[in-house]
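Just so you know, the sequences run in chain order A, B, C and D.
Under UniProt numbering, the residue at position 449 of the first sequence is numbered 449, and the numbers go up by one with no gaps.
Under UniProt numbering, the residue at position 256 of the second sequence is numbered 256, and the numbers go up by one with no gaps.
Under UniProt numbering, the residue at position 164 of the third sequence is numbered 164, and the numbers go up by one with no gaps.
Under UniProt numbering, the residue at position 92 of the fourth sequence is numbered 92, and the numbers go up by one with no gaps.
A portion of the hints provided could be inaccurate.
With a straight-line cut-off of 16 Å between C-alpha atoms, the simulated EDC-like cross-links for lysine to aspartate or glutamate are [what the hints assert, rightly or not]: (1) C:K153 - D:D56; (2) B:K213 - A:E504; (3) A:K513 - B:D78; (4) A:K391 - B:D302; (5) A:K512 - B:E73; (6) C:K100 - D:D92; (7) A:K391 - B:E73; (8) A:K512 - A:E293; (9) A:K493 - B:E73; (10) B:K28 - B:D78; (11) C:K96 - D:D92; (12) C:K96 - D:D56; (13) B:K365 - B:D277; (14) B:K444 - B:D556; (15) A:K493 - B:D302.
By construction, these hints were calculated from the structure, which means they are not laboratory data.
Since this is a predicted model, take the numbers as computed values, not measurements.
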Amino acid sequence: MSFPLLTATAALPAIGAIATAAVPAARRTAAKWLALFFSLGTLVLAAVVFLRFEPGGDRYQLTESRAWIADFGVRYELGVDGIGVALLGLTALLIPFVIVAGWHDADPLETKSSRWRPTQGFFALVLMVEAMVILSFVATDVFLFYILFEAMLIPMYFLIGGFGDRAHAGTDENAATQRSYAAVKFLLYNLAGGLIMLAAVIGLYVVAGSFSLSEIAEARANGSLEMATSTERWLFLGFFFAFAVKAPLWPLHTWLPNAMGEATAPVAVLITAIVDKVGTFAMLRFCLGLFPEASKWATPVVITLALISIVYGALLAVGQRDIKRLIAYASISHFGFIILGIFAMTSQGQSGATLYMVNHGISTAALLLVAGFLITRRGSRLIADYGGVQKVAPVLAGTFLIGGLATLSLPGLAPFVSEFLVLVGTFSAYPVAGVIATSGIVLAALYVLVLYQRTMTGPVRESVRSMPDLRARELAVALPLIAVLIFLGVFPKPLTEVVNPAVEHTMSDVQKKDPQPEVEAAK
Amino acid sequence: MENLIALLVAAPLLGAAVLLCGGRRLDKTGHWLGTVLAGASFVVGLILFTDMLGKDPENRALHQHLFSWIPVEGFQADIAFQLDQLSMTFVLLITGVGTLIHIYSIGYMEHDERRRRFFGYLNLFLAAMLILVIADNYLLLYVGWEGVGLASFLLIGFWQHKPTAATAAKKAFLVNRVGDMGLSIAIMLMFTTFGTFAFGPVLESAGETSQGKLTAIGLMLLLAACGKSAQVPLQSWLGDAMEGPTPVSALIHAATMVTAGVYLIVRSGAIFNAAPDAQLVVVIVGAVTLIFGAIVGCAKDDIKKALAGSTMSQIGYMILAAGLGPIGYIFAIMHLVTHGFFKAGLFLGAGSVMHGMNDEVDMRKYGGLRKYMPVTFVTFGLGYLAIIGFPGLSGFFSKDKIIEAAFAKGGAEGWILGSVALLGAAITAFYMTRVMLMTFFGEKRWQPDAEGHEPHPHESPKSMTVPMIVLAFGSVFAGGFFAIGDRFVNWLEPVTGYDHGHSPLSAATVTGATVVALVVGVGIAWAMYGRKPVPLVAPRGSVLTRAARRDLLQDDFNHVVLVRGGEHLTRSLVYVDHSLVDGVVNGTAASVGGLSGRLRRMQNGYARTYAVSMFGGTAVVIAATLLMRAV
Amino acid sequence: MNALAAATTTSTGEAIQFWILGTVAVIGALSTVLLKRAVHSALSLAGTMIVLAVFYLANGAYFLGIVQIVVYTGAIMMLFLFVVMLVGVTAADSLKETIKGQRWLALGCGLGFGILLIAGIGNASLSTFEGLGAANAAHGGNIEGLANLIFTKYVFAFEITGALLITATVGAMVLTHRERTERAKTQREMSEERVRGKHLPPLPAPGVYARHNAVDIPGLLPDGTPSELTVMQTLRRRGQIRDVSQQSLADLKALEQRSGERLGREDADAVARGAQSPSAAENSEAAK
Amino acid sequence: MNPVNYLYLAALLFAIGASGVLVRRNAIVVFMCVELMLNACNLALVTFSRMHGNLDGQIVAFFTMVVAAAEVVVGLAIIVSLFRSRHSASVDDASLMKL
């Protein structure tokens with residue numbers, strides 16, 4: 001067996017987490033640099049994976065397979081397809097920014113004893129999440145995936161509940177209550193989803209006799225696996241429920257605004273840009289891959305829910321008074337687009353959905369991290385506490401605006417490409433749904449511009465008058481993300497190249513063909 | 001030669017990037033850099049133009065394929081440019097007027113500390129607008145379409161510290177987004193119908209699909225055009241957009257960007273030609289806006305808003321012409337170009353007036369300015385004569401052709417449209433005369449402002465007057481140059497096609513009617529504003545006047561229905577999310593909590609009780625096993 | 001099955017033995033559960049076990065039958081009796097149930113369980129059986145057969161059982177062993193303590209004023225109150241002191257009443273006392 | 001008579017023992033009832049051994065006895081030390097599991 005590249009990519013941050021956690025209490029800064037070093041190392045490995053991946057090659061590449069729990073046929077099976085590669089890259093790319101943006105978020109409060117080591121804990125948890133997410137993107141064994149899917153809740157729980165907004169840190173009892181409420185809500189929602197999925201995982205094993213994606217696919221292909229329609233549907237629902245909670249899809253979304261509102265901005269990025277992507281990713285790989293017939297059966301309902309998510313999330317974003325909650329609802333709207341693209345079951349829709357996952361990750365990270373810098377400066381998350389920031393901190397305002405424009409999918413920035421693909425893909429299969437979803441772009445403009453107008457423009461408020469502009473560390477976070485957004489907006493080919501073959505595989509899984517254009521069909 | 005096309009866009013794009021990222025080091029030189037790069041783009045345009053003139057009229061189009069943009073199964077979007085006569089016209093207009101306005105802005109924005117950024121935005125606008133007109137497919141056009149929307153947003157809200165400016169910018173972007181939605185649906189429809197959205201294949205095979213589809217595409221394109229070109233019902237943003245600096249109003253909200261809708265319709269002519277229903281809606285929208293804008297223009301006392309109403313109305317003419325089909329396409333573009341000259345000139349003149357009057361915009365506080373600002377007066381006056389269609393000047397030729405074409409549409413439709421266009425001409429003459437009289441004639445009416453500074457009207461610096469003079473030349477001669485010998489028709493015909501139509505009225509009759517309308521309009525205005533002094537405070541006026549001052553209540557409608565309604569909707573949805581969606585979950589949690597509180601009492605701590613439950617449980621399991629065996 | 005020396009019935013003698021001894025076993029089991037005193041329960045259980053030993057023998061498990069008598073009835077039950085003595089042989093349990101519904105639930109569970117088991121057996125039972133003759137004979141006898149299995153097939157389990165027994169022994173020692181937290185007192189220290197303490201003379205003996213010489217009856221002080229000091233510490237801890245002061249007073253009153261009745265004296269006081277007399281009589285009964 | 005009757009007896013004894021465990025409060029008596037249950041099982045095992053004609057059942061019964069012996073030793077030791085600290089052998093007194 002050749003060098004286990006995927007294992008190494010997932011193991012490096014895990015090792016980093018242990019190393020960071022082991023740093024003594026006094027050497028805080030060393031822990032930060034160590035975490036950054038490991039995250040950059042992971043990025044390098046991810047880049048190697050990206051380069052080694054051959055778009056025209058096998059469906060799953062760089063595969064590894066070892067026996068794990070032989071009695072139940074559970075194997076440690078890894079492999080990436082194009083979608084996995086794209087999301088792996090996204091995760092590895094974003095984590096260094098999360099770490100740099102959260103550089104001071106976990107500095108210990110002075111009231112605590114000297115043995116208190118929150119900094120080490122914070123960065124170790126972030127790396128732990130990275131390791132699990134990466135592994136879940138490359139796992140091709142359902143059981144292995146399930147374990148990771150659940151296990152990543154643990155570090156996330158501590159990150160949300162343990163490291164609140166610096167704005168309210170310290171003595172504020174109410175904030176602490178809110179935070180633990182948010183963390184518990186996050187955990188309960190996702191656990192509930194996960195448990196239902198566990199039942200479905202077991203059911204799948206009973207039906208298929210294997211946990212391996214490739215084996216199941218093979219059995220399906222040569223006809224040795226016949227699933228009863230109702231069985232397939234129940235199993236699909238079990239899987240889908242978990243992913244819909246994670247994604248999150250209306251009406252299972254209410255944990256997200258709480259969690260994102262209470263967590264620090266970097267952790268919020270971790271939630272919405274990285275961890276939630278596992279949900280949508282899994283819909284593509286497991287729901288569509290394992291239960292194609294049931295997926296088609298559920299399509300009308302899923303599309304309806306996705307449309308509700310799009311419009312509802314956007315409308316609620318307009319009504320928010322809290323910057324981070326606003327971004328959370330915007331994300332719900334965007335997840336609606338992703339799910340819409342997946343279930344439209346056209347090449348454009350699915351390519352678009354995959355690109356959307358990547359682009360939404362980057363654009364939300366940019367917007368949210370800059371918003372985090374803003375919130376740290378003023379110590380408030382309320383939109384009403386700001387005004388005229390543009391005058392005192394033009395660079396901050398500028399980066400914030402670009403992040404916002406990316407969120408509203410301005411052409412030239414990466415999210416436009418994906419959003420348009422999703423819309424076209426949906427429209428060609430379900431025209432009415434496509435038109436309703438298109439209204440989301442107007443609403444997106446509304447909430448982004450309202451946010452920008454209220455915080456950045458107008459007369460300078462007294463409370464922001466002495467606000468400093470972005471510092472070097474913060475620029476190092478914002479500018480590269482913006483550069484990536486522009487690059488992928490103008491030249492998304494490196495991504496589409498790896499994604500396209502994977503989408504073809506998924507399309508053949510569900511045995512769907514793109515609708516033919518009317519004129520061409522006539523010819 | 002093809003490779004130069006990208007350079008058109010690259011120059012201003014580079015300028016925008018350098019100016020916006022360059023930081024304070026460029027504060028001193030930034031405006032020169034911006035102007036030079038805009039000029040460079042114009043020069044490139046000229047080179048391409050001369051090259052094009054040397055070619056056979058049928059083979060003048062140039063193509064440049066840069067790279068494949070979004071390659072996805074069954075979906076090919078390219079970054080590729082197409083420069084034909086239609087695009088060329090726009091390129092020259094955009095870069096030419098753009099460069100002039102860059103020069104003008106050097107003087108106008110001299111005292112603004114953020115001038116560098118202003119030039120960055122202007123360059124960004126030029127780049128986006130150029131992409132819009134030289135794109136070879138609808139998706140790339142969409143990029144430019146939204147790009148100019150962004151630039152417009154940034155420039156309207158340039159003085160962000162003013163809440164009105166920030167609100168106006170947001171409004172402009174939002175209303176435009178509604179139009180953009182139309183454009184993106186149109187593109188999606190094209191994709192599902194034709195499998196592509198490149199101009200060539202789509203327009204060639206437009207006739208091969210059902211009329212219903214084409215009508216749908218056409219209506220969606222019209223929606224997009226309405227948003228961008230401020231046509232009813234999406235016109236409300238244009239008046240507010242005057243919050244931006246005046247050069248912006250001249251360049252974006254008069255000469256170039258707002259005419260993009262006309263470009264879109266003319267470019268998609270093949271689709272509209274095959275969808276008469278869509279065409280009918282287009283002419284109706286054009287005709288309604290024509291009158292709507294004109295009425296609004298009559299009532300405004302703010303010089304820029306009056307001009308904005310006029311812009312709306314003039315674009316209404318163009319849309320009307322574009323909706324007429326091959327009879328009108330060329331005249332729509334022709335009017336677009338001449339309008340670009342004289343309206344830009346008018347706006348620059350207005351800017352010059354404001355510059356001299358401490359940024360006062362209320363025309364009732366002007367009066368008699370011709371003595372203080374002679375150059376401005378002359379250039380503005382020439383623009384005025386052009387727009388009202390004074391015989392011999394630009395506007396006369398282009399507008400006359402449109403009215404002719406409207407009659408040539410034939411039937412009752414033709415009569416109605418022609419009459420509306422004539423009526424519009426009369427109202428145009430009225431409100432423009434009003435502007436002219438209130439600003440430059442009569443007694444001086446200005447007063448010290450709140451801080452006691454009395455304005456000292458003075459002529460503007462050279463950097464501002466020179467562009468105005470150049471544009472005045474354009475307003476005087478462009479129309480004649482285009483019209484005489486059908487130069488413009490011959491130039492554009494290979495692209496848009498041309499149909500002479502059969503007018504029920506002779507050309508001379510139409511011209512006569514136009515002149516009569518003009519005289520009537522001017523006469524009424526003279527009677528109302530020239531003979532008696534203009535009151536300093538606006539009279540109450542008739543119902544129509546009051547409604548027109550409020551943009552014919554359309555904004556109020558928007559406010560009540562969309563803004564208030566939207567606020568209520570979002571607020572109630574926030575409540576629903578909190579108490580209903582979340583409430584179900586929290587309620588479940590609470591009931592589980594209550595249930596476990598009850599069940600907790602079973603845990604009394606006695607080992608024997610637990611033993612009973614274990615034993616009972618075992619009994620149940622055995623019973624179940626036996627039953628299963630029995631069954 | 002029939003061909004392979006399978007039988008359907010046992011001998012009549014065994015049947016008679018089963019019905020008689022089986023009844024005894026059930027009665028023993030019931031009295032184990034139902035009798036108030038732990039000693040009686042232990043003895044009934046021992047009886048049941050002996051019956052079971054007989055059944056083992058009857059079933060051909062000769063080795064187990066003997067082991068049952070020797071180990072179970074002999075060793076384990078005696079251990080029980082020791083502990084019962086240690087904890088207090090006289091203490092009778094109150095059979096009043098304190099947990100609401102426990103008794104009915106227990107009864108229901110027990111009955112249901114028994115019925116289920118019997119139903120299950122009835123459902124699954126064979127009408128024939130093989131008998132142990134062949135198996136016992138294979139290695140020359142029951143014990144040899146068992147030995148053969150224990151030391152071959154089950155040798156590992158056997159070794160582990162050994163380890164378990166050792167561990168249990170050690171565990172029992174550890175559990176009952178009390179760590180001495182202070183140095184043992186020397187005789188000298190004890191005598192000095194005695195001299196310094198309140199009681200210079202030896203502690204008073206129990207039952208000084210009692211009617212019989214019992215160690216669990218405290219001596220009465222001159223005022224008639226019992227002195228706990230007179231009873232052994234262990235009994236005091238167990239709460240097994242029998243207070244006779246009230247009893248003797250009651251006896252005295254009963255005597256007075258009886259003599260009063262005989263003398264024909266009837267007053268309200270005597271009637272009131274008469275109401276108390278039955279309980280007093282009962283107390284005296286229990287004292288015996 | 002069929003040896004199955006032994007099984008019925010075993011079931012009966014087992015149920016009686018189990019009821020005793022549930023009903024009695026004196027730890028020693030509870031313990032005796034547990035022994036009764038074990039004995040009932042042993043009887044069943046021995047009977048199975050006879051019915052199937054092999055000695056494995058007896059072996060298991062034998063192990064049960066050994067384990068029961070070990071259990072009794074430890075259990076009684078626990079009761080004794082419990083009695084020492086609480087002066088009571090009632091299982092209800094040790095209700096510290098209650099919240």
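Going through the hints against the structure:
1. Annotation: proposed proximity of C:K153 to D:D56 holds, straight-line Cα distance about 10 Å (limit 16 Å).
2. Between B:K213 and A:E504, the direct Cα distance comes to roughly 29 Å. Violation of the 16 Å bound is thereby established for this hinted pair.
3. Between A:K513 and B:D78 the alpha-carbon distance is near 24 Å, which puts this suggested pair outside the 16 Å criterion.
4. Between A:K391 and B:D302 the alpha-carbon distance is near 28 Å, which puts this suggested pair outside the 16 Å criterion.
5. For the hint linking A:K512 to B:E73, the alpha-carbon distance of about 13 Å falls within 16 Å, and the restraint holds.
6. With a CA separation close to 13 Å, the supplied pair C:K100 and D:D92 stays within the 16 Å bound.
7. With a C-alpha separation of about 46 Å, the suggested pair A:K391 and B:E73 falls outside the 16 Å cut-off, and the hint is violated.
8. A threshold of 16 Å between alpha carbons decides the hint, and for A:K512 with A:E293 the separation of about 11 Å falls inside it, so the pair holds.
9. The suggested pairing of A:K493 with B:E73 holds, with an alpha-carbon distance near 12 Å, which does not exceed 16 Å.
10. Distance restraint check for B:K28 and B:D78: the Cα-Cα separation of roughly 39 Å exceeds the 16 Å cut-off, and the hinted pair is therefore not satisfied.
11. Taking the CA atoms of C:K96 and D:D92, the gap is about 13 Å. The hint holds against a cut of 16 Å.
12. A distance of roughly 44 Å separates the Cα atoms of C:K96 and D:D56; the hinted pair therefore is violated under the 16 Å criterion.
13. This hinted pair does not check out: B:K365 and B:D277 have alpha carbons roughly 47 Å apart, beyond 16 Å.
14. Among the hinted pairs, B:K444 with B:D556 is inconsistent with the structure: their alpha-carbon atoms are about 34 Å apart, more than 16 Å.
15. At roughly 50 Å between alpha-carbon atoms, A:K493 and B:D302 are farther apart than 16 Å, so this suggested pair is violated.
Violated hints, listed in ascending order, are 2, 3, 4, 7, 10, 12, 13, 14 and 15; each of the other numbered hints is respected by the structure.
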